[in-house]
Amino acid sequence: MTPRGARIGRSLLLLAASLLFLGYVLAPVAWLVSSSFQSESEITSKPPHWIPHQPTLKNFEAIFGAGERDVTYETRRKADPSSGGFIPSTAKNLLPSMWNSFIVAISVVVLNLLVSVPAAYAMAKIRFIGRQTSIYAMLVTRVIPDIALVVPFFLFIRKLGLLDHVGSLIVTYLAITVPFSVFILVSYFESLPDELDKAARVDGCSRLQALLRVFLPLALPSLVAMILFAFLTSWNEFLLALMFTQTPASQTMPIVVASFTSDFTISFSFINAAGVLAVVPPVILAIVFERYIVSGLTAGAVKG
Amino acid sequence: MGGAWRQHVSDYDQKSAMLFLAPMLAVLSVVAVFPVVYSFWISLFDLRLTRPRSVPFVWFDNYAHVFADPLFWTSVARTATFTVMAVSAIMVIATLMALLLNEEFRGRRILSAVLLVPWAIPYVADGLMWKWIYDSGYGALNGLLYQLDFIDKYMVWLGDTRKTLPLIANAFVWKEVPLATILLLVTMKSIPADLYGAAKVDGANVWQRFLHVTLPALRPGFMLVMIYETMMAIRHFDLFFILTEGGPANASHVLAWDVYVETFRKLSFGTGAALAYLIALITFLLAFSIIRTMGKKL
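Residue numbers (the numbering used here), protein chains in the order written: chain A, 25 to 328; chain B, 6 to 303.
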C-alpha cells in the first residue's frame, strides 16, 4: 500500500472506531434524554420515536410542580396519561431528596478534607514509627464490601438514634470515602520534593504550618480530585441510604428515584425526567473536571 | 527502609504524625475494625428483629444454616456467572477503547471526556435507564431490533430467566468500562516507544506488535482491572434491586441480594451477618492476592 493510502485507511478505521465508541457510551443516555422530552402517549409509540416529534417539558413541570398537587388513586385515574399527569405519589419527594443528597455530599466533602489532608501529609512526608503499617491498614479497608457494613452499621446507628436522619449517612459515607481520599492525596504529596519540607522547617515553620502554607497550595489538583470523588460517591450511593433512611426527611435522591420504578403504575416519561435530573449534576462535574478525575483515578495505578 | 529510619525519628515528628493521623485512625476503626469484629459477633447470635427480646448465642449455627440453604448455593452460582460474564466483557471492551484512545487523532479529547459520563452517573440512574431500554412493551431494544428486522414481534427481555443475568451484566459493564479503560490506558502510555521501534525493525506487523509488545506489557494493568472489577461484581447490589429484585424465579438472586433478603425482608440479622461475613472473606482473599501482586512490583 502507498503511504497515502495507508493514511486514509487509518483515518477511516479511526473514524469508524470513534463512532462505535460514541454510540456505545452515549446512545443509552441520549435515549434517556430524548424520552424525557416525550409525552406518555408519544413514548408508548411502536416503533419508538428516537427524536421527539412533539417535544414537551410537561414531565419536568410535573416534577417541579409536584409539591402543590395531591396524588391519590382517583386523581391519577382521572389524569390523562398523555398529559404527563400520571405521576407517582412520591413525586413531591424528589426535590427535597436532592437537597438532602446535596447536604450529605457537602458535609462528607468538608469532613473528608479535615480528616484526610493531615493524615496524607503525615504518611507522605513525616518519618515516624508505624508509617508502613498505617499505609497497609488503609489499603486493606478499601476492600471491605459495603454490604458487609450494613448489619453492624444498622445496629450501631439504631443505638445512636440516628436512623432516618441524614447524620447516619454522613457518618457512614465518611467511613467509605476516607481511605480513597487519603490514597489520592498520599500519592500526590509523595510526588512533591522533600526539600520543600526541609526548607519550610529551616525557616521555622511547624509541621502544621509547612502543611498549610507550603504543601496545600501545591496539592490543589489532588484536592480537587479528592473533593470530586467524595462528592460523587455520596451523591450516587444507594445501598446504605436504602437501609438507613425511611421517610422523606432523610431520603436521598437515589432512594426516591428508585421508589418511582417500583410504583404501581409506572409512567416512564416521568421516571425518565427524574433520571435526567439525577444524571445532570454528576455529568457536568465529570466533564468540567475531567483532567483532575483522570489523574485522581490513575494516582494509585501508576505506582501499583 | 523502615529500619534505617528508626534511629532518625525525632520525638516531635512522631508526636505530630500521630496527631495528624488521629482523625483518620478514628474513622478507620469505625469503618474497618468495628464492623468486622462486630458483624462476626452478631453472626454468632440468632438475632431476629421480629423477636427482639430473646437473642440466644448459637455458635456457628447461622453459618450451618446458610450452607444448608439451597438458595445460598443458587446465589453463589448466580454471582459466579454474573462476575465471569461482566469481568470478561469489561476486559475486552476496555482494551479496545484504550487502544483507540492511545492513538493520536483529532477528536480524541472529546472521546476521553465523553468516556467519563457512564462513570459519573449514579447506579440508580443507570438501572432505570436500562430498565426502560429493556422494557418489553415500549423499550428501545425491542424498537431497534424490530426496525432492523432482527425480530418480528416485541420480546420479553428481563423477564426471561435465560436473559436476565446477561442483561444486568450489560448494564453493569456499561458503567464500569470507563474506569477500566482509563487504568489500561495509563499502562499503555507507560510502554516505552523503543519497544515498538525495535519490533518494527524486526519486521513485525501491526498485529504482531500488538500480540508481542502491547499485550505482555499490559499485564499489570489487566491484573489490576481484573481484581478490582471482580471485587466490584461480587458485591454488586444496586442493579439487582432496581432491575429485577432477584427475580424472575430467582434468576438474578445473587449473594448481595441474598444478604438483603435475609436481613431486611426476613429480619434475620444473625444469618445476614454470617452471609455478609462470607462475602467479606471472599473479598479479603482477593485483596490478599492484590497485595501480593503489588508487593512483587514494588
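Bear in mind the hints are in silico, worked out from the structure with no lab data behind them. A portion of the hints provided could be inaccurate.
[Claimed, not checked] With a straight-line Cα cutoff of 27 Å, these simulated DSS-like cross-link-like pairs (lysine-lysine) come out:
id, chain 1, residue 1, chain 2, residue 2
1, A, Lys222, B, Lys20
2, B, Lys168, A, Lys70
3, B, Lys20, A, Lys70
4, A, Lys70, A, Lys82
5, B, Lys168, B, Lys158
Legend entry - Hint check, failures only: 3
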